[in-house]
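2 protein chains.
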Amino acid sequence: MEMLKVNFPRLQADIEALATIGRESDHGLYRMAFSDGDMAGRKWLLQQAEVAGLNAHVDGAANIHLHTRQQKDIASVVTGSHIDTVPGAGHLDGALGVLVGLECLRSIQAQGFATKRPLECIAFTDEEGRFGGMLGSQAMCGLLSPEYVLGAEDLNGMKLQSAMSAQGLNAMDILRAQRRADSMHAFVELHIEQGPVLDRQQKSIGLVDSIAGLFRWQVRLIGESNHAGTTPMDMRRDALQGLAETSGEISRILEEYGSPRSVATIGHVECYPGAANVVPGRVVFSLDVRDTDARVLKDLADAFRRAIAAIARRRELMFEFDVMSEIAPVKCDTGILNTIEHVSRALGVEHLRMHSGAAHDSQFMARLTRTAMIFVPSKAGKSHSAAEWTAWEDIEHGANVLLNTLYRLAME
Amino acid sequence: MEMLKVNFPRLQADIEALATIGRESDHGLYRMAFSDGDMAGRKWLLQQAEVAGLNAHVDGAANIHLHTRQQKDIASVVTGSHIDTVPGAGHLDGALGVLVGLECLRSIQAQGFATKRPLECIAFTDEEGRFGGMLGSQAMCGLLSPEYVLGAEDLNGMKLQSAMSAQGLNAMDILRAQRRADSMHAFVELHIEQGPVLDRQQKSIGLVDSIAGLFRWQVRLIGESNHAGTTPMDMRRDALQGLAETSGEISRILEEYGSPRSVATIGHVECYPGAANVVPGRVVFSLDVRDTDARVLKDLADAFRRAIAAIARRRELMFEFDVMSEIAPVKCDTGILNTIEHVSRALGVEHLRMHSGAAHDSQFMARLTRTAMIFVPSKAGKSHSAAEWTAWEDIEHGANVLLNTLYRLAME
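Chains as they are written, first to last, in numbering that gives the first Met the number 0: chain X, 0 to 411; chain U, 0 to 411.
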C-alpha cells in the first residue's frame, strides 16, 4: 500500500502562524480559554478551514469541528486536540494536534482520496483548565451539570459565564454540546509528549497505549509549634519531619506497590509558622500519584495512607487528608494502536510503546469511541514553557503517521 | 544563715499590672521595642522604682538601670532582663526577670539590709529583636557600630532611627551606652525556661550552666521543575526530595556528632514552583542548629555540609547556603551557680542543672562580668504566646532564690 504524505511546508507555515497569535513580550503564548488570544486563534483556525474548503461548525461548548464532509448516517474518524494554552505557554502543546489534524483533512481532501468515512478534526475548548480543564471534551460526554457551568471560575475569580458572555457566547449552551457515541468511528489525538522519554531514547513516535489516572491529596500533619532552641529533640512533635519521612517513603512505596509507570510527587508544601527558630507545628502538602492501572492506583493509595498514618502515630502528629482530584486511567484501543504501529513501520519511523502521564481530552473521548494517542518528542521534556520544542523532522514523521492512520481508519 | 523572702503579694501585683500594658484584643501583649506599648511599660517601671525609692537612670541605648544606691568605686551586683515583647506575647518572657529583680532591690532596701555592694536591676532594650535582638546588652558591650544603628530596620521597613526619634530618643546615643566591665561584680538573670524540661521533670528552678550557641543557614537546593505526570521517577531532579533527605539525616548527624544538648530544626521551607502537578525545581529552607559547646557546633556544621553536599551530588541538585546567623555558646560562672544551688537547697526548692537553648541578654553580659541564669518552669513549654504560664508557687521560689543569691553576691 502506498503511503500518503502531508504537505509539510504548508503545515510548517500554519504552526508558525498560530505561534504568533496570543504571544506576549516574554515570548510565551497567552491563549487561555475565552481570552482574546484564544478567540483570535479560533478565528484564524476557522479561516484556514474555509480556505481549505472544509466544513466547520462550533458546538455549544465552543468546540470547533472541521469536516471533510458531513454525513449523518456514517460515523466519522476523528482527530483533534486544543489550541487554548496555559499562561506563558509554548507553541506546540495542543496546537500541534489541531494543526496536524487540519493538515491531514486538507491533504486527503486535496489529493481527492475518496474515504469510506468522513474525517473530522476537533479543537476542544479549555483543555488547559482555566475553568477546570478538558471542558470541551467533558461537555461532549455530557458530564457537565448546570451547577458546574454556573459555578466555574478562574484563579482571578472571573466566572466562566462572564468570560464566555464577554466573547458573545452563552455558557448554558455548554450543556447542549453532548454528542452521540455512534457518530464517531474512532478518535486519535496527536500531542507532544511533554516528558523526556522519547527525546532520551531518540524515537520520533510514541504509541500511547494508556493514559495514567491519578489521585491527588491535600495532606495535613499537625503537631506542635515550639521554640527551636529550648525544645529537646525527644519532646518535639515536628510536622515537617513527618512530611520529610513521607517523602522518604515514596520510593519504597512505588517499588513495593507500584508499576514501572507509577510516579508520585509532593509538589506543594506549606510549613507553619515558618520561622527559622520555631519547630514547625503544621504542614500542608500535596501528594499526586499516577499510574495507568486502576488497581495499582488503589494499592498505592492504601499504602500511602498506611505509611502516613504510621508516621503520624509514631511522631504524635494528627493526620488528615482530602482527596482533591481522582481520575481513572484509560486504556487505548488495541486495534488503533496496531494500525499506528503498522503505519510507523511502513514509514520507517522509530517508535516506542509508552503511556501518557499527563491528562488529555482523549481520556474523555475514550468514553465515546475507540481512542488512541500519538506522541512526538519534547526536547528535554520541556512543556508549559516558551522553551517547548519538537524537531521539525519529528513533527513531519508524526503528521504522516497520523495521516495514514486516519486514512486507514476511514477506509474501515 | 537566715533566708530572706520577697514580698510576694507585691510582686504578684506588679506582674498583673505590667501584664495589662500593651495588651490587645487577642489577649496577647504588643510591647515591641519603641512601640507605644513598650514606652508605656518603661514609664510604668520608672514609676514603680520611684515609689520604691530606688535610683534610676536610662542609658543611651534606652536600657533602664534601677539601683539601691550608686557608688562609683564599688562594682554592683546586677540582675535584669527585658520588658519588650514579641508581637502577641505572653506576660512573663523577660518581664518576670525585671519584676523579680525590682522586687529583690525593694525587699533588700525596705528590709534595711546593708549590703557591701550596691544592687542594680536592668531592663534591656529590644531583647526580642524588632531591630535585631539583644540591642541593649550589645550596646552595653560596645558591639554596635554607627552603620548598624543607621541601617537597622524592622520587618515593616521602619528604621530604628525613626522608631526611636518618634519616641523622643536619638538612635546615635546607642553608641554611648558602653559600660565598663569593672562597674559590675556579677550578673544574674531570672527568666522563664520557654521549654518543657522543668515542667516535665516537676522542678521549680533551673540552674543554667551554659547558653547554647547556634548557627543558622539558609540552604538552597536547585534541581529542575518538570511535569509530575510525564517525568519518570528516575529522570527527576526533585529539590524537595533533597530537603526531605536532609531532614531525615538530622537525627543521625545529631547522634554521631552532637551532644545530648544538640538540637537542629528546619523551620522555614519554600518550595518552587509549588504546584501539585509540578516536580519541585527549587527549595529554600532554614537550618538552625544549637549546642552549648563551640567544638560540637563546628563538628555539626561540617557534618551537615557534607551530608547536604552528598545528597545534592547524588540527586543532581545544586547546593548553596548562606550563614544567616552565628552565635558562640556561653559558659555560666561556676561560683555563681554554686551560690544559686546552695540557696536553692537552703530554701528547700527542687532544682535541676540545665542549659538554655534560647538566646538571652546574659550571653552578652557574660562578656563583661561573671554571669549565670535562673530558670523557672514554663507550663507545657509554651512561650511567645498568650498561653505562656508559670505557676505562682514556682515564681515565688524563683524570686526567693534570686533574692538570696543577689544578697550573697552583694556581701562578697
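Among the hints, erroneous ones may be present.
Intra- or inter-copy, both count: the list cannot distinguish identical chains.
[To be verified] The list that follows gives simulated cross-link-like pairs (lysine to any residue, SDA-like), each with its CA atoms no further than 20 Å apart: (1) K115 / Q70; (2) K297 / F112; (3) K115 / D25; (4) K378 / M234; (5) K378 / M232; (6) K115 / E325.
It should be emphasised that the hints constitute simulated quantities derived from the structure, not laboratory data. These figures come from a predicted structure and were not determined experimentally.
Query raised in the report: Any of the earlier hints contradicted here, and which numbers?
Result: Numbers 2, 3 and 6 - these are the hints that the structure violates, sorted from lowest upward.
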